[in-house]
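Enquirer: Sequence:
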Amino acid sequence: MESSARKGKDSLEEKRHRSEENKDRHARREKEVDRRAPVYTHPRNNDRQTTQAVGTKYEKPLSATSNSQNVPPTKRSSSYNRDPSSGGSTTSPPASARDTGGSVGRRETRSTTSNAQNVSTTKRSTSRNSSSSSPRAPRAPSRSDPFRHVQPSKRESSLARGIEKLKLDDKPTGSKAVATGIREKKSVEASVFPEFPHETVNVKELPERYLPRPNSKDRLIVYGDAHGMPDAVNCLKRVVRYNPKHDLQIFGGDMITKGRKNRPSRPNMTPAEVTIEASKDVLRNAMADGAYGVRGNHEDWLLNVEHARNGWIEDSNRHLDNRFLMMKNLRTPNKDGSDHKLYDAISRGERDWLKKLPHILVLGKCGGRNKMIVVHAGLNPNFELKAQRVIETMNIKSIDPENGYTSSMHKDDKERKLMGEADQRRFERMEPWFDAWDKKQEKLQPNKRTTVIYGHESKKGLTKREFSIGLDTGVQRVDKDPNKYRTLTALVIYHDHSEIVQVKEVEDQRNGKWEWKQINGVSEF
301 MESSARKGKD SLEEKRHRSE ENKDRHARRE KEVDRRAPVY THPRNNDRQT TQAVGTKYEK
361 PLSATSNSQN VPPTKRSSSY NRDPSSGGST TSPPASARDT GGSVGRRETR STTSNAQNVS
421 TTKRSTSRNS SSSSPRAPRA PSRSDPFRHV QPSKRESSLA RGIEKLKLDD KPTGSKAVAT
481 GIREKKSVEA SVFPEFPHET VNVKELPERY LPRPNSKDRL IVYGDAHGMP DAVNCLKRVV
541 RYNPKHDLQI FGGDMITKGR KNRPSRPNMT PAEVTIEASK DVLRNAMADG AYGVRGNHED
601 WLLNVEHARN GWIEDSNRHL DNRFLMMKNL RTPNKDGSDH KLYDAISRGE RDWLKKLPHI
661 LVLGKCGGRN KMIVVHAGLN PNFELKAQRV IETMNIKSID PENGYTSSMH KDDKERKLMG
721 EADQRRFERM EPWFDAWDKK QEKLQPNKRT TVIYGHESKK GLTKREFSIG LDTGVQRVDK
781 DPNKYRTLTA LVIYHDHSEI VQVKEVEDQR NGKWEWKQIN GVSEF
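Yeah, the sequence shown ends on 825 if you go by our numbering, and it's all consecutive.
Simulated from the structure, these hints should not be mistaken for lab results.
Worth double-checking, as some hints may not be accurate.
Stated by the list, open to error - Straight-line Cα separation of at most 25 Å, DSS-like style, residue types lysine-lysine; simulated pairs: (1) Lys817 <-> Lys580; (2) Lys580 <-> Lys656; (3) Lys671 <-> Lys504; (4) Lys817 <-> Lys760; (5) Lys817 <-> Lys537; (6) Lys504 <-> Lys655.
Put together the whole structure using the sequences plus the hints.
Expert: And the structure:
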């Protein structure tokens, strides 16, 4: 009898102990779930913080830090907690909800347990009943896969209309203007689309061993947009007497697509086939020579073919935030399929080589200047190199000096006629980015100034400023005035000075054939 009573007492003590353990475990899990929503801080606006509740309209952030100030907690119902002792099964509901047909004795025995267990089971029962009438709270994204429990966010209708109509401002003007950057001073309350990690600008420094040394034959040869024109590149290499022992070639972006060659490998090739072969020639020769380069918008289009085929967001609308509106085709492959065909024609190793190209290449002190860098389109003078936007490095043309708006058009471009009134007024204040860059450099100390080598703008041709030089001279253009285009330009950089060298495709009056020859001699920069 005493043994039976002792066993009953021990059983009761064990039940009380388990009840207290379950209570403590649930309390710990409630604390874990009661987390604050992360605060997303845009790299350009560290002083401005915009929060989003985890699991609601969640976009993958560039960086997220935990902050518990003034942010409502996002809780998960305790009925979803798991009991480790049961092999991961859902925690059992209270006896009243489970023993519908059991004996009265079982209920009485269960009722003799501690008040703490009754309170705990009642709390779980209430949580289960409430959760059945309300939708399940979304889970916080895991570290391994941030999008596992995330529903896609819905953009505001006004923003969607703006994307479709390719406008500059937030009014549905129907403009076809292209904005490569709009930094709104307001709209902290507007929806924020944080930059994805792969959107961080890639800035690389040229190894010091390649820099031209004093009283040496070392040189850096920086090409303008080559656009898949191997005949032009080979001619320019002959003109400058390229020597792989002393010279390093650097391509300023857009080294592929649109090109042609005078002597294709096979007869009766279609123009599209010749273009692919010519682009492959330029790419493979550059890789064989150990050349450097930067990514241009055409390399970007080519590399985004894979993402477009996988249903990437860039195929319809590139990610946006409240300070940045852009034309969707600035970073999407061509619809005619030329990018897709070239992507399939090159090897995986060639794609990997293109992927490694930086957006900005810092040359350092050379050419008789304090610092020189190479970028495809240009830079925003309002920001440091590592704070530049990827889309601007490959597309920028003009900037509003008052508020920092940037665009992939100039105010004198013909496309401006298609713009709405609001966009027309905005473009009145814009100026070429390189003019704004020069003004910024003039205010700096001589040892802080930077000279930019860029391309992308064949309409302006060779453009020399105090702290910038544009090398795109339309090497591939046959649809325009041949006296202005069909020219490949390179900047040959020595230790203490730089020279401009050009080759041009000219027609031989005797046989009507076009050949590449040097023009204009050599001029200094």
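Enquirer: Next pair to validate is Lys817 with Lys537; report whether the Cα-Cα distance is within 25 Å.
Expert: With Cα atoms ~11 Å apart, Lys817 and Lys537 stay inside 25 Å; holds.
Enquirer: Mind checking the alpha carbons of Lys817 and Lys580 for me, to see if they're no more than 25 Å apart?
Expert: Since the Cα atoms of Lys817 and Lys580 sit roughly 23 Å apart, the hinted pair holds (cutoff 25 Å).
Enquirer: Taken at face value, is the distance from the CA of Lys760 to the CA of Lys817 at most 25 Å?
Expert: holds, 22 Å
Enquirer: Regarding the pair Lys504 and Lys655, is the alpha-carbon distance no greater than 25 Å?
Expert: Satisfied, since the Cα-Cα distance of roughly 13 Å is no more than 25 Å.
Enquirer: Compare the distance between the alpha carbons of Lys671 and Lys504 with 25 Å, and conclude whether the hinted pair is satisfied.
Expert: Roughly 14 Å separates the two Cα atoms, so the pair holds.
Enquirer: Just to be careful, I want the Cα atoms of Lys580 and Lys656 compared with a cutoff of 25 Å; is the pair within it?
Expert: holds, 17 Å
Going through the hint list in order, the structure satisfies each hint without exception.
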